[in-house]
Amino acid sequence: GENVEQHPSTLSVQEGDSAVIKCTYSDSASNYFPWYKQELGKGPQLIIDIRSNVGEKKDQRIAVTLNKTAKHFSLHITETQPEDSAVYFCAALSGGTSYGKLTFGQGTILTVHP
Amino acid sequence: EAGVVQSPRYKIIEKKQPVAFWCNPISGHNTLYWYLQNLGQGPELLIRYENEEAVDDSQLPKDRFSAERLKGVDSTLKIQPAELGDSAVYLCASSTRQVSYNEQFFGPGTRLTVL
Numbered sequence: 001g002e003n004v005e006q007h008p009s010t011l012s013v014q015e016g017d018s019a020v021i022k023c024t025y026s027d028s029a030s031n032y033f034p035w036y037k038q039e040l041g042k043g044p045q046l047i048i049d050i051r052s053n054v055g056e057k058k059d060q061r062i063a064v065t066l067n068k069t070a071k072h073f074s075l076h077i078t079e080t081q082p083e084d085s086a087v088y089f090c091a092a093l094s095g096g097t098s099y100g101k102l103t104f105g106q107g108t109i110l111t112v113h114p
Numbered sequence: 001e002a003g004v005v006q007s008p009r010y011k012i013i014e015k016k017q018p019v020a021f022w023c024n025p026i027s028g029h030n031t032l033y034w035y036l037q038n039l040g041q042g043p044e045l046l047i048r049y050e051n052e053e054a055v056d057d058s059q060l061p062k063d064r065f066s067a068e069r070l071k072g073v074d075s076t077l078k079i080q081p082a083e084l085g086d087s088a089v090y091l092c093a094s095s096t097r098q099v100s101y102n103e104q105f106f107g108p109g110t111r112l113t114v115l
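Those protein sequences? They're chains A and B, same order as listed.
With the first letter of the first sequence counted as 1, position 94 gets the number 94 in the working numbering; the numbers rise by one all the way through.
With the first letter of the second sequence counted as 1, position 41 gets the number 41 in the working numbering; the numbers rise by one all the way through.
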């Protein structure tokens with residue numbers, strides 16, 4: 001089955017700095033890679049995603065890049081703000097787009113200091 | 001649009017007792033998922049329903065866990081009997097095939113503590 005590794009497990013930055021979280025996956029057939037943000041006491045919320053036929057996607061301060069050859073993808077957050085502090089999870093979808101299974105990384109605790 | 005609703009939000013029980021969690025998905029979402037999230041870990045799929053049919057329950061410990069989704073809407077996840085290692089957050093999510101790649105919407109979860 002699919003295996004997703006996520007690094008780092010914790011990340012501390014100053015407000016205004018950039019943050020980068022990296023993930024690798026094992027199943028070359030995985031074709032969809034979402035990123036979720038989870039705040040304390042809440043369920044994960046999708047913040048950005050990327051499909052296997054795209055190398056990069058940007059949405060305001062967040063961007064995701066995908067390297068299919070190396071089987072890794074990354075989340076980039078620029079101009080970080082204290083409200084960006086949360087746990088971030090990457091995931092990979094394997095087994096097809098309609099009936100595939102999401103495998104999550106272990107999560108990264110991001111802390112943005114004012 | 002209302003999100004995924006779960007109840008209870010918190011549950012504390014003694015080991016060997018039964019426990020049940022309830023999930024109401026987003027209206028019109030035919031796919032429903034139950035995930036287990038251990039402390040400091042990402043969610044792990046327990047079971048997925050397409051309407052009322054369980055299409056992937058390979059990760060569900062069937063000796064003590066059971067689930068149902070009557071009428072293809074609400075779902076209940078049950079543990080009987082609970083063990084200490086079952087302490088975790090149980091997340092419910094839903095999606096619709098009308099949106100490509102099945103974006104999953106998560107509920108707030110039920111935090112279970114087994115004493």
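A hint or two may mislead.
Derived CB-CB ranges, DEER-like [stated by the list, open to error]:
1. A:E5 to B:R9: 23 to 33 angstroms
2. B:D63 to A:Q14: 41 to 51 angstroms
3. B:Q59 to A:E5: 18 to 28 angstroms
4. A:R61 to B:P81: 29 to 39 angstroms
5. B:S66 to A:L46: 41 to 51 angstroms
Within a straight-line C-alpha distance of at most 16 angstroms, the following computed EDC-like cross-link-like pairs (lysine to aspartate or glutamate) qualify [claimed, not checked]:
6. A:K71 to A:E5
7. B:K11 to B:E68
8. B:K62 to B:D74
9. B:K15 to B:E83
10. A:K101 to B:D56
11. A:K37 to A:E2
12. A:K42 to A:E83
13. A:K101 to B:E50
14. A:K101 to B:E103
15. B:K16 to B:E103
16. B:K78 to B:D63
17. B:K16 to B:D56
18. A:K101 to A:E39
19. A:K37 to B:E103
20. A:K71 to A:E56
21. A:K101 to B:E44
22. A:K101 to B:D57
23. A:K68 to A:E2
Hints are computed from structural coordinates only; laboratory data are not their basis.
Using N, Cα and C, we set each Cβ at its ideal position, and we do this for glycine too.
Beta-carbon spacing of D63 (chain B) to Q14 (chain A) - inside the hinted bounds 41 to 51 angstroms or not = At roughly 50 angstroms between Cβ atoms, Q14 (chain A) and D63 (chain B) fall inside 41 to 51 angstroms, so the hint holds.
key: Given pair status - E103 (chain B), K37 (chain A), alpha carbons within 16 angstroms   = holds, 14 angstroms
query = Regarding the pair K101 (chain A) and E39 (chain A), is the alpha-carbon distance no greater than 16 angstroms?
reply = With a Cα-Cα distance of about 23 angstroms, the restraint between K101 (chain A) and E39 (chain A) is violated, given a limit of 16 angstroms.
query = Quick one, are K71 (chain A) and E5 (chain A) close enough, alpha carbons at most 16 angstroms?
reply = holds, 11 angstroms
key: Straight-line alpha-carbon gap K101 (chain A) to E103 (chain B), limit 16 angstroms   = holds, 12 angstroms
task = Given the hint that K78 (chain B) pairs with D63 (chain B), test it: the Cα-Cα distance must not exceed 16 angstroms.
result = holds, 11 angstroms
inquiry  = K71 (chain A) and E56 (chain A) were given as a pair; does the straight-line alpha-carbon distance stay at or below 16 angstroms?
reply    = Holds. K71 (chain A) to E56 (chain A) sits at ~14 angstroms (cutoff 16 angstroms).
query = CA of K101 (chain A) to CA of E50 (chain B), is that 16 angstroms or under?
reply = Since the Cα atoms of K101 (chain A) and E50 (chain B) sit roughly 13 angstroms apart, the hinted pair holds (cutoff 16 angstroms).
query = Is the hinted pair K11 (chain B) and E68 (chain B) satisfied, with a Cα-Cα distance of at most 16 angstroms?
reply = violated, 20 angstroms
request  = For the pair supplied as a hint, K16 (chain B) and D56 (chain B), confirm whether the alpha-carbon distance does not exceed 16 angstroms.
outcome  = Distance ~27 angstroms between K16 (chain B) and D56 (chain B) Cα, so the pair is violated.
Agreement of K37 (chain A) and E2 (chain A) with the hint, judged by alpha carbon distance not exceeding 16 angstroms = Violated. K37 (chain A) to E2 (chain A) sits at ~21 angstroms, over the 16 angstroms cutoff.
ask   = Does the alpha-carbon distance linking K42 (chain A) and E83 (chain A) stay inside the 16 angstroms limit?
value = holds, 14 angstroms
Violation of the numbered hints given earlier is confined to hints 4, 5, 7, 8, 11, 15, 17, 18; the remaining hints are satisfied by the structure.
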